[in-house]
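A.B. asks: Work out the full structure: start from the sequences and follow the hints.
As they're listed, the protein sequences go chains A and B. Heads up, the first sequence is in my numbering, so the first residue is 1 and it goes up one at a time. Heads up, the second sequence is in my numbering, so the first residue is 1 and it goes up one at a time.
It is possible that some hints are incorrect.
What follows is a list of derived Cβ distance ranges for each label pair [said to hold, decoys possible]: (1) B:213 with A:31: 47 to 57 angstroms; (2) A:34 with B:261: 46 to 56 angstroms; (3) A:41 with B:97: 37 to 47 angstroms; (4) B:77 with A:107: 49 to 59 angstroms.
Listed below are the simulated PhoX-like cross-link pairs for lysine-lysine, each with C-alpha atoms no more than 25 angstroms apart in a straight line [stated by the list, open to error]: (5) A:121 with A:105; (6) A:133 with A:7; (7) B:12 with A:7; (8) A:7 with A:115; (9) B:245 with B:120; (10) A:121 with A:4; (11) B:213 with B:120; (12) A:105 with B:12; (13) B:12 with A:74; (14) B:12 with A:60; (15) A:115 with A:105; (16) B:213 with B:199; (17) A:7 with A:60; (18) B:199 with A:60.
If you are wondering where the hints come from, they were derived from the structure by calculation, not from laboratory data. Even glycine gets a Cβ: it sits at the ideal position worked out from N, Cα and C.
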Amino acid sequence: MRLKGRKVVGGYAEGEALVSADPVSFYGGVDPETGVVVEPGHAVEGECITGKVFVFPTGKGSTVGSYVIYRMSKLGTAPAALVNSETEAIIATGCVISGIPLVDKLDRDPLVEIKSGDLLKVSADEGVVEVVK
Amino acid sequence: MLVGGDGEAAAKLLELLVALGEVFGAERLVPVESAHIAGVSYKNLGEAGLEWLVEQADLGARARILATLNPAGMDMEEWEAMGVPPEFAEGQRRVIAAFERMGVEPTCTCTPYLVGHIPKLGSQVAWAESSAVCYVNSVLGARTNRESGPTSLASAVTGLAALYGYRLDENRRPGAVVDVEVGLGSIMEYSALGYLTGKRLGTTVPYYVGLGKPSLESMKTLGAACATSGGIALWHGEGVTPEAKGMEEFTDGLERLSVERADLDEEIARLTQPLGDPLIVLGCPHASLGEMAEIARLVKGRDVGGNLWVFTNRGVYAEAEAAGHVSVIEGAGGRVYRDTCMVVAPVKEMGWREVATNSFKAGHYMANMGLRTRMGSIRELLTEVLR
Chain A
1 MRLKGRKVVG
11 GYAEGEALVS
21 ADPVSFYGGV
31 DPETGVVVEP
41 GHAVEGECIT
51 GKVFVFPTGK
61 GSTVGSYVIY
71 RMSKLGTAPA
81 ALVNSETEAI
91 IATGCVISGI
101 PLVDKLDRDP
111 LVEIKSGDLL
121 KVSADEGVVE
131 VVK
Chain B
1 MLVGGDGEAA
11 AKLLELLVAL
21 GEVFGAERLV
31 PVESAHIAGV
41 SYKNLGEAGL
51 EWLVEQADLG
61 ARARILATLN
71 PAGMDMEEWE
81 AMGVPPEFAE
91 GQRRVIAAFE
101 RMGVEPTCTC
111 TPYLVGHIPK
121 LGSQVAWAES
131 SAVCYVNSVL
141 GARTNRESGP
151 TSLASAVTGL
161 AALYGYRLDE
171 NRRPGAVVDV
181 EVGLGSIMEY
191 SALGYLTGKR
201 LGTTVPYYVG
211 LGKPSLESMK
221 TLGAACATSG
231 GIALWHGEGV
241 TPEAKGMEEF
251 TDGLERLSVE
261 RADLDEEIAR
271 LTQPLGDPLI
281 VLGCPHASLG
291 EMAEIARLVK
301 GRDVGGNLWV
311 FTNRGVYAEA
321 EAAGHVSVIE
331 GAGGRVYRDT
341 CMVVAPVKEM
351 GWREVATNSF
361 KAGHYMANMG
371 LRTRMGSIRE
381 LLTEVLR
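C.D. replies: This is the structure we're talking about:
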């Protein structure tokens, strides 16, 4: 299956999908040292996002979240790529300053079409997310 | 490449502006005349933000337009007296050093417009710091979105910003009319009005009717509170702000919000608890010379025993020092700190538990940090609460 959307930050990455139905705050919501989602009650609480293609609706919370994404990329705990339903400034800023591919506004709902554990190939320059399964 | 020759840092920062411009549907970039950069306190930045700033400086990022800096997490000289831990001070010094290498003026203030950074009516600027954004858009009539730390730095280095949002005429029109049915007096009452407005309107541009004749201080706190409880970046005041006259024609048929004395009292009560012996914290946003004078007048010759902290910037401090206000406040046992404030200093580590203030922005953040709070005007706080 091939989903087509908008490139926000270019690049190519592949990895296992981790799909969250909830928006994500990297500041306070993700531990940059371990890459684990720590927000209590969050849809993917306890899951590690390191090396994954992290799929979630949009960002939320403090603008400091951009720096947390950057910190994760320096520590080697960052996700391989991000896919959002519709992204916003905090996530977009974090991905640009960290060089993490980011795609959003796909032609089909990524939260429905993609399941955690699917293998994804993200060609962000073309805005394409390929679901290999 | 619009800024060829400016090096790797400028290219990356330009990419940031372009990517965000695409996210927000901007058609092009526009030149900006000045920048005000937030994301300065080590408390908020942490090692992550510090590393990014140092990398930008290492890669050769340099401001090509006037760029001022938001408050740090401590008075850069008097941090020990504030009770700031040494490790924090070390991190904070490295943050400021990185900004200085990038040619940013280390003003360390949320009120750059009190130290000579005053954009012209209609000019495009790139300001972060939500309270300063409200002031520059509303009171000065310059144009900015609510920039973040990275985007305001990117604009300082490239001299550009993406054209969307409050940079465009159509997005500066009011979305609701606020009828102020109460005669506003103290700065604190304007702050309460702003806090209520942000709560009720979210990010909608308010058009105020009945604001009276607000002072500069009242307008700076009104915007600060609007931007704290909501995401307001611009407000118009009939007969008060420079763009209000042209906006009248767009007010027909808008949602109307009526504000009465009881509404303000409710907001005051929400952030007011019975306190024992609170620390009185003033200067959010940073105190003006007028506020310094009023505070000095109210504490002159008294002994407040260290229970009064006032925050301002270096420019106002120098003027207040020359006018004798600083020595009066300090002579009474109060403290005056520069470069920082109660919102961005590590106040829990400094041992704060109970605070009283005239700023809803300060009250809001202190309450979020788990402190007990009380609201009051400068006069009430210094004559009734502080004994």
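A.B. asks: Now, for every hint given, state plainly whether the structure supports it.
C.D. replies: Here is what the structure says about each hint:
Distance hint check for residue 213 (chain B) and residue 31 (chain A): the Cβ-Cβ separation is about 51 angstroms, which falls inside the suggested range of 47 to 57 angstroms. In this structure the supplied range 46 to 56 angstroms holds for residue 34 (chain A) paired with residue 261 (chain B), their Cβ-Cβ distance being about 52 angstroms. Checked against the hint of 37 to 47 angstroms, the pair residue 41 (chain A) and residue 97 (chain B) passes, with Cβ atoms roughly 40 angstroms apart. A C-beta distance of roughly 57 angstroms is found between residue 77 (chain B) and residue 107 (chain A), which places it inside the suggested range of 49 to 59 angstroms.
Restraint check: the Cα-Cα separation between residue 121 (chain A) and residue 105 (chain A) comes to about 17 angstroms, which is no more than 25 angstroms; the hinted pair holds. Between residue 133 (chain A) and residue 7 (chain A) the alpha-carbon distance is near 22 angstroms, which keeps this suggested pair within the 25 angstroms criterion. With a C-alpha separation of about 16 angstroms, the suggested pair residue 12 (chain B) and residue 7 (chain A) falls inside the 25 angstroms cut-off, and the hint holds. Of the pairs offered as hints, the one joining residue 7 (chain A) and residue 115 (chain A) holds, with about 21 angstroms between alpha carbons and a cut-off of 25 angstroms not exceeded.
At most 25 angstroms may separate the alpha-carbon atoms for a hinted pair to count; residue 245 (chain B) and residue 120 (chain B) meet this at roughly 17 angstroms. Distance restraint check for residue 121 (chain A) and residue 4 (chain A): the Cα-Cα separation of roughly 12 angstroms lies within the 25 angstroms cut-off, and the hinted pair is therefore satisfied. Restraint check for residue 213 (chain B) and residue 120 (chain B): satisfied, since their Cα atoms lie roughly 22 angstroms apart, inside the 25 angstroms limit. Note on residue 105 (chain A) and residue 12 (chain B): the hinted pairing holds, with a Cα-Cα distance of about 24 angstroms set against a maximum of 25 angstroms.
A C-alpha spacing of about 16 angstroms is found between residue 12 (chain B) and residue 74 (chain A), which places the hinted pair at or below 25 angstroms, so the restraint holds. Distance hint between residue 12 (chain B) and residue 60 (chain A) is fulfilled; the C-alpha atoms sit about 24 angstroms from each other, no more than 25 angstroms. Distance hint between residue 115 (chain A) and residue 105 (chain A) is fulfilled; the C-alpha atoms sit about 17 angstroms from each other, no more than 25 angstroms. Restraint check for residue 213 (chain B) and residue 199 (chain B): the C-alpha separation of about 23 angstroms stays at or below 25 angstroms, so the hint holds.
With a CA separation close to 20 angstroms, the supplied pair residue 7 (chain A) and residue 60 (chain A) stays within the 25 angstroms bound. Our distance criterion of 25 angstroms between C-alpha atoms is met by residue 199 (chain B) and residue 60 (chain A), whose separation comes to about 18 angstroms.
The structure agrees with every numbered hint stated previously.
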